[in-house]
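Asker: If you read the protein sequences in the order shown, they are chains A and B.
Residue 1 is where the first sequence starts when you use the working numbering, and the numbers rise one by one after that.
Residue 1 is where the second sequence starts when you use the working numbering, and the numbers rise one by one after that.
To be clear, the hints were calculated from the coordinates, so they are not data collected in a lab.
Wrong hints could be hidden among the right ones.
Think about it this way: if two alpha-carbon atoms lie no more than 30 Å apart in a straight line, the pair counts; the simulated DSS-like pairs of lysine-lysine are [claimed, not checked]:
1) B:Lys121 x A:Lys186
2) B:Lys152 x A:Lys186
3) B:Lys152 x B:Lys121
4) A:Lys175 x B:Lys121
5) A:Lys140 x B:Lys7
6) A:Lys186 x B:Lys123
Not everything, but these chain B residues come out facing chain A in the computed CB check (under 10 Å) [what the hints assert, rightly or not]:
7) Leu27
8) Leu57
9) Ala117
10) Asn137
Backbone N, C-alpha and C fix where the C-beta goes; we use that ideal spot for every residue, glycine too.
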Amino acid sequence: MLLREVEYARPASVQEALRLLGANDGARALAGGQTLINVMKARAASPDVLVDLADIGELRGIELGSDGTLELGAMTTYSDIIDSAEARARPILGEVCDQIADVQVRNRGTIGGNVCSNDPTNHLPPLLVAIGATMTIVGKDGERSVPAEEFFLGVYMTAAGPGELLTKISVPPGKSDGFASVPIGKDGTCIVNVAASLDGGAVRLAIGCVDAVPVLLKPESTDDGAVRSAVQGANLDPPWDVHASADYRRHLAEVLALRAVAQAVGRN
Amino acid sequence: MEAVSRKTITVDVNGEQYEREVDARRLLIHFIRDDLDLTGSHIGCDTGNCGACSVLLDGTLVKSCMLLAVQADGAKIETVEGLAADGELNGLQQAFSDHHGLQCGYCTPGMLMSATALLRKNKSPSEDEIRRGIQGNICRCTGYVNIVEAIKAAAE
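Using the sequences provided together with the hints, build the complete structure.
Answerer: Right under this line is the structure:
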């Protein structure tokens, strides 16, 4: 398909990318392009300038700190995460990335692109909220850190505003995590997904696809009754579509929350 | 550096160097098919679902309808035309022929590139690994059984 005319630049540094993004209101960062190029075909997005982040080395790579914190560059692909020995420090990351779409998409799609597009059906927003990740955003006024639960602001909207860039995602150590979903076909778009994480006695649940942003819940315990009542108490008002009614999504949220918590408990 | 709407790019496709000026908005698949006249790679859905446009970019399997040609500047691209050396089918292509791994043939170039990427990474994949390897490629004729058989045979 013929895209609308667009300008293109491939800067080599974050500073240069910020300058290009700041120079034009219609400029957008291009990460893996596995969403953006398609929405440009549909004219659902029509950026004037694409700032390709592919050559910015500092946005790539996975580092495991001495305290067990994982630092993932925003341009790290799903395949990079799946294949990375360091990323196994938090096994759920690679496991969930391996459920996204197909080989080709996993080879190009990036962790930063996934969270910055913030499609409510994406896998990584609820996962990163549940495991307590921190996002580093750089803008012309410098660098700031935003907890994942404050990063997602609305459908397709995040705390990384115009002229800013998400540069890295930090994930604390841990292994007691779970992820459960009902997708449209294996590894397809999620109808509902739930991520769970245990930190000591505390339970964190994040439900995706039921609201504009992941719904973070903190059940009192990992007991089925506590998990069910936390989900029921959230009074979810999910959207309905051809794949599922709102009632069915509410039902799935509860069932998948139990499954995700059970998986997390099994790894405790 | 300034953003540009047109750019001269250099790519290596199947071992041959090409230098062309392209619009920034041009998709890689259009560049390969229309500018380089390598029409083996197909456009099926043009939405990133069907995989008929799959090529290898610096050894990595990608769907060339979800990439701009300018993003491939400086890259090494492998398309289905590069598989047969001197007009002789390679082992994988011969296996597709022997096992009836195609009917209409529209998905075949993409299937071959996905299978090529899989077999480079995994010399003896299980049936499950083969099916996951071609998950991004849709075939509406075969039901996949003979495609999986062909890839299994090529691995052996």
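Asker: Could you run down the list of hints and mark each one as holding or not?
Answerer: Verification of the hints:
For the proposed pair Lys121 (chain B) and Lys186 (chain A), the alpha carbon gap of about 22 Å is at most 30 Å, so the pair holds. Note on Lys152 (chain B) and Lys186 (chain A): the hinted pairing holds, with a Cα-Cα distance of about 22 Å set against a maximum of 30 Å. A threshold of 30 Å between alpha carbons decides the hint, and for Lys152 (chain B) with Lys121 (chain B) the separation of about 14 Å falls inside it, so the pair holds. At most 30 Å may separate the alpha-carbon atoms for a hinted pair to count; Lys175 (chain A) and Lys121 (chain B) meet this at roughly 28 Å.
About 28 Å separates the Cα atoms of Lys140 (chain A) and Lys7 (chain B), which keeps this hinted pair within 30 Å; it holds. Annotation: proposed proximity of Lys186 (chain A) to Lys123 (chain B) holds, straight-line Cα distance about 25 Å (limit 30 Å). At a threshold of 10 Å, the smallest CB-CB gap from Leu27 (chain B) to chain A is about 7 Å, leaving the interface hint in force. Here the hint on Leu57 (chain B) is kept, as its CB sits about 9 Å from the closest CB of chain A, short of 10 Å.
About 7 Å separates the beta-carbon of Ala117 (chain B) from the nearest beta-carbon of chain A, less than 10 Å, and the hint is met. Residue-level restraint check for Asn137 (chain B) holds (minimum Cβ-Cβ distance to chain A is 8 Å; threshold 10 Å).
Consistency with the previously given hints is maintained throughout, with no hint failing.
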